[in-house]
Structures are given as C-alpha cells and as structure tokens.
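Engineer: Chain by chain, the residues:
There are 2 protein chains.
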Amino acid sequence: MKNTAEKQSKTAQVITPSQLLEHWQGHRRVTRRVIEAFPEKEFFTHSIGGMRPFSQMVAELLAIAVPGLQEIVSGKASKFDENLDHDNSKAKMLQWWDEATEQINELWAKIPAEQFQEHVKLFGQYEGPVHSQIFYFIDNEIHHRAQGYVYLRSLGVEPPFFYDRS
Amino acid sequence: MKNTAEKQSKTAQVITPSQLLEHWQGHRRVTRRVIEAFPEKEFFTHSIGGMRPFSQMVAELLAIAVPGLQEIVSGKASKFDENLDHDNSKAKMLQWWDEATEQINELWAKIPAEQFQEHVKLFGQYEGPVHSQIFYFIDNEIHHRAQGYVYLRSLGVEPPFFYDRS
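Residue numbers (the numbering used here), protein chains in the order written: chain A, 1 to 166; chain B, 1 to 166.
Just chain A, with the same shape it has in the complex (with noise of 0.2 Å):
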C-alpha cells in the first residue's frame, strides 16, 4: 500500500523538484550564452526605446535568484539590491552567474518538496506559494533575455537559440 501510494504520488507530479531545478538552471544556461554574446560596452550601454541596458537587467536577475531562495530557504528577510558594483566587466558578471548557478543548486537541496505550495512573502512584499515565487524567478529572466535578444539583433548580432538549453 504504501509503495503503491508512493509510486502515484511520484506518477502524479506536474513536474518535480529536481525537474525544476533543470528547468531553471537550462534557461540560466541560455541567459549566460546572451551575456557573452554582447559586446562589451553595448552590454552596458545599448538600450531602445528608453529601457534599461542589458547589464542592468541581469543585475536585476542575480538580485533576485540567490537572495530569493535564501529567503524561502532560511525565513529570513532578504534585501533586494541590484546595485551591483560590475565595475563594467563583462567577466565579472558573468562570474557572479556562475557562482550563482553553484548557490542555487546548494540552496535548492534544501526545499522539502512539501514547501512548494507554502505561501510566503519575499523581499518584504511579493506574496503567493512558493513555486509562484520560483516561476516568477525564472519567467522574468525569461522576460528580460528576450529583450536582451532584440538589443542583439538591433546590433546584428546573432543571439542563442532558444530552444538550446544545454
């Protein structure tokens, strides 16, 4: 009984903890192959119509990955600070990237399954379950790298392919 009852509860998952995971960590794959596909200085200064550039966007997303998880993980207030002191190196966010990649891994071991549908608040203001706080995570960057994807093309500059997230 309990096996069987095991055995639907993992037939029955949308998606699990660790697809999740991969799911996530291969958009963040894609999101670094933008980064280095941008010129240096255009990563920190090209922008249309008036919206931020594209360093400004990834500040953003590793303000939010890391110190989001964190929060779920630990309880504890974060602070949300995309004020990232880059330097306007290219190498050094894409190193906050990866050592991001390792935190997000370390961090997402400790999430018990069952948390996924507990409510919290992040940052001291963003409320709903868990894996809406995590989709909004991932769906954002997914947001912001397309925007990064037509600064690309504006510059003639082939971007990644989406759907290669490897």
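FYI, nobody ran anything at the bench for these hints, they're computed from the structure.
There is no bait here: all hints are sound.
If you only want the chain B side, here are some residues facing chain A, beta carbon under 7 Å, derived: (1) Gly49; (2) Ile142; (3) Gln147.
No residue lacks a Cβ here, since even glycine has one placed at the ideal position from N, Cα and C.
On the provided structure of chain A, position chain B as indicated by the hints.
Structural biologist: Same frame as chain A, but now just chain B:
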C-alpha cells in the same frame, strides 16, 4: 491510510495541473493586453533588427497552444501552421485568442495528472515529457511577448505590467 497518502500526494505537488493552467492563462491574459496595446498598423508591420512583426509571433503562439494540446490529448499528430488568414485585423486575432482560451480550458480537463510525466513527440519533431512541452509553450510565449514589449517601447507605447496576471 488512503486519505493520508492522498493528502501527502497533494501536499508534495510542486505545482498542480489546475495551478499550471491558471499560470498559463494568467500569462495569456498579459499577452492579450500586449496585443491590444499595439497600434493597429504597427502590430502587422513594426520590426527591429529584421525580426518578425508581433502579429507573426502571435500567429506562432496560436499555432502552438491549441494544436499542441490537441496532440497531447488525442495522441494524433497535429500540423504546425502559423499562416493564419488574419486579414491584417487585430480584432480577428483577439477573437482567435479568446477562442483558444476556451479551447485550452476544455483540452486541459482531458489531461490526467499522470500524463504530465509521459514522453511525447509533438508536431512530428519535438520530443520530451508533457510537462516540458507545456512549459515550452508558456516560455516561448513569454519570450516573444517580451520582444513585443520592446517593440511597444520603441513606438513610445507603455506596455502592460508584466507582473499583473489578472
């Protein structure tokens, strides 16, 4: 025992099928507002860096959502056809959008929870578990809609709020 197992199974869901449907439809409501925000002419003509007009991206989204779900539900191969006879009318595209909203709800009800982990091939070529297919539908929509946001900004039009899914 059965009740406990069912309760645990429910609690341990990262995201339930009905939550995922609502997540998608929330995004589709945002996309609808982006379509509405476009000036009629520019919806079919405006482009940056050689990219498609937003109307063609929306045609792609319509060609994926309902036909993709139909294939998941029926197991019968769907044809990918984004050559809609929209007659350069935003009203026509919005009508199709709303019809797809209803069809998605109806088809979703026919996908048992267990099916999200099943492996399928869609449109004759895209392979993976059902959950990854559906996340691809959603992520591809977020991706192209965000490109529509840049188009709108470049036209001096304020896009709808990304975070408002109501």
